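**Student:** Sequence:
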Amino acid sequence: MFRIPALHDPRRFDAEPTGKGLGDLPEWDLTDLYAAPDAPEVTRDFDWLDDACARFAASYEGRLAGLDAAAMLQCIQDYEAIDITAGRLMSYAGLRYYQATTDSERAKFMADAQDRVTVATTPLVFFSLEMNRIDDATMESLLQADAALGRYRPVIERMRAMRPHQLSDELEKFLHDQSTVGAAAWNRLFDETMAGLSFEVEGEDDPLPLEATLNLLTDPARARRQAAAQSLAKVFDANIRLFARVHNTLAKEKEISDRWRKMPSPQHGRHLSNHVEPEVVEALRNAVVAAYPRLSHRYYALKAKWLGLERLEIWDRNAPLPIEAPRTIGWTEARETVMSAYGDFDPRMADLAEPFFTQGWIDAGVKLGKAPGAFAHPTVTTVHPYVMLNYLGKPRDVMTLTHELGHGVHQVL
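The sequence shown begins at 9 in the working numbering and counts up one residue at a time.
Calculated directly from the structure, the hints in this document are not laboratory data.
No experiment lies behind these values; they were computed from the predicted model shown.
Don't take each hint at face value.
With a Cα cut of at most 30 Å, we get these calculated DSS-like pairs of lysine-lysine [unchecked claim]: (1) Lys-270 x Lys-181; (2) Lys-260 x Lys-242; (3) Lys-313 x Lys-402; (4) Lys-116 x Lys-181; (5) Lys-181 x Lys-262; (6) Lys-116 x Lys-375; (7) Lys-262 x Lys-116; (8) Lys-242 x Lys-375; (9) Lys-260 x Lys-181; (10) Lys-402 x Lys-242; (11) Lys-116 x Lys-260; (12) Lys-260 x Lys-270; (13) Lys-311 x Lys-242; (14) Lys-402 x Lys-311; (15) Lys-402 x Lys-375.
With the hints as constraints, model all of the structure from the sequences given.
**Tutor:** Structure (structure tokens):
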């Protein structure tokens, strides 16, 4: 319920694969969420959440079907206030955790927050179940009777799309309570394991984190790419039993859930979540697969020819083309490039993106223990989004910044 990616001179042009020498890389300022994990506002909001959830259940459980439009609007607004507070708490805990997943204090705070929010919100499980028992005609009349209530139509329609797949009230409450030790726990174990891995790459003075090692796969020197790929394979192989256990457990858990919920296919739940018809996704998938020979296969054949190779190895897939002059793009240049592109599209888009750079809404540095990859987190409507990167100065990193910042601007809107 809560929510909580040019061989003119093959010399090493990136002597610091961990991101040093790229300028002043920004870090998140999370004080717009909370000042600190022990701030009094954190305790206040957890306590308020406990009380608000209990009051909500006492006021509305078993009564939704009899509410008129005004009362239904108030009910949804009360639920929304709870959702925002829970989302604020979990956003803060989650973002701190993603900055350093191997930090025991942050991991504990995240786990404790998740547990507390889950326990507090268990009494709210009835809400979506009862909403979905209201017949279509009654719900439509409510939505048409009050314009303010009608604003929530998209949310209500997404909720009601799950009607054929709901379980009993007791089972839904059990699954909600059990969620912190189910898939979420396995995902957290995987995330912490991946973030804690280090890779000894031939030619590097010190072990590298995952993102820095992956970055070497785009190095112009083939021997360096090969060394990185072999180090990745060695470390992944050493953890293969854990990875297999996580994968197989999650796959089986999903199979059980889908079976009980009578999902017609493994991907059906995702289609419902994305509010997209299965036929649309299938058509897209078929079109992409049909284009493999004339696009991806042709591209890699041309790339092998350009690189002077008869066969591409796995470490050649992301090699820069020989027409590219290798260089490192500092953070200042990356920012100017992205902001110029946004401004050329529409000055208002650049205005919306500016605070991400100036107000601590981006965390860009590569650090051991930091979550790999990149994302834009919307947090809640009363705060603002945050963007996470692992910036290493490659063109793909600038494109990632452009992409994730686009999500951030969208989330602001």
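**Student:** Hint by hint, say whether it matches the structure.
**Tutor:** For each hint, the structure was consulted:
For the hint pairing Lys-270 with Lys-181, the CA-to-CA distance comes to about 18 Å; that is within 30 Å, so the pair holds. Simply put, Lys-260 and Lys-242 have alpha-carbon atoms about 27 Å apart, close enough for the 30 Å limit, and the pair holds. Under the criterion of a C-alpha separation no larger than 30 Å, the hint pairing Lys-313 with Lys-402 is consistent with the structure, at around 23 Å. For the given pair, Lys-116 sits about 24 Å from Lys-181 by alpha-carbon distance, which is consistent with the 30 Å threshold.
With a CA separation close to 17 Å, the supplied pair Lys-181 and Lys-262 stays within the 30 Å bound. Distance check on the hinted pair: Lys-116 and Lys-375 sit about 20 Å apart at the alpha-carbon level, within 30 Å; holds. The hinted pair formed by Lys-262 and Lys-116 meets the criterion: a straight-line CA distance of about 26 Å does not exceed 30 Å. Restraint check: the Cα-Cα separation between Lys-242 and Lys-375 comes to about 21 Å, which is no more than 30 Å; the hinted pair holds.
Restraint check for Lys-260 and Lys-181: satisfied, since their Cα atoms lie roughly 21 Å apart, inside the 30 Å limit. Pair hint Lys-402 plus Lys-242 holds up; C-alpha atoms about 25 Å apart against a cutoff of 30 Å. Among the hinted pairs, Lys-116 with Lys-260 is consistent with the structure: their alpha-carbon atoms are about 27 Å apart, no more than 30 Å. The suggested pairing of Lys-260 with Lys-270 holds, with an alpha-carbon distance near 15 Å, which does not exceed 30 Å.
A C-alpha spacing of about 27 Å is found between Lys-311 and Lys-242, which places the hinted pair at or below 30 Å, so the restraint holds. About 19 Å separates the Cα atoms of Lys-402 and Lys-311, which keeps this hinted pair within 30 Å; it holds. Pair hint Lys-402 plus Lys-375 holds up; C-alpha atoms about 17 Å apart against a cutoff of 30 Å.
In the structure shown, no violation is registered for any of the earlier numbered hints.
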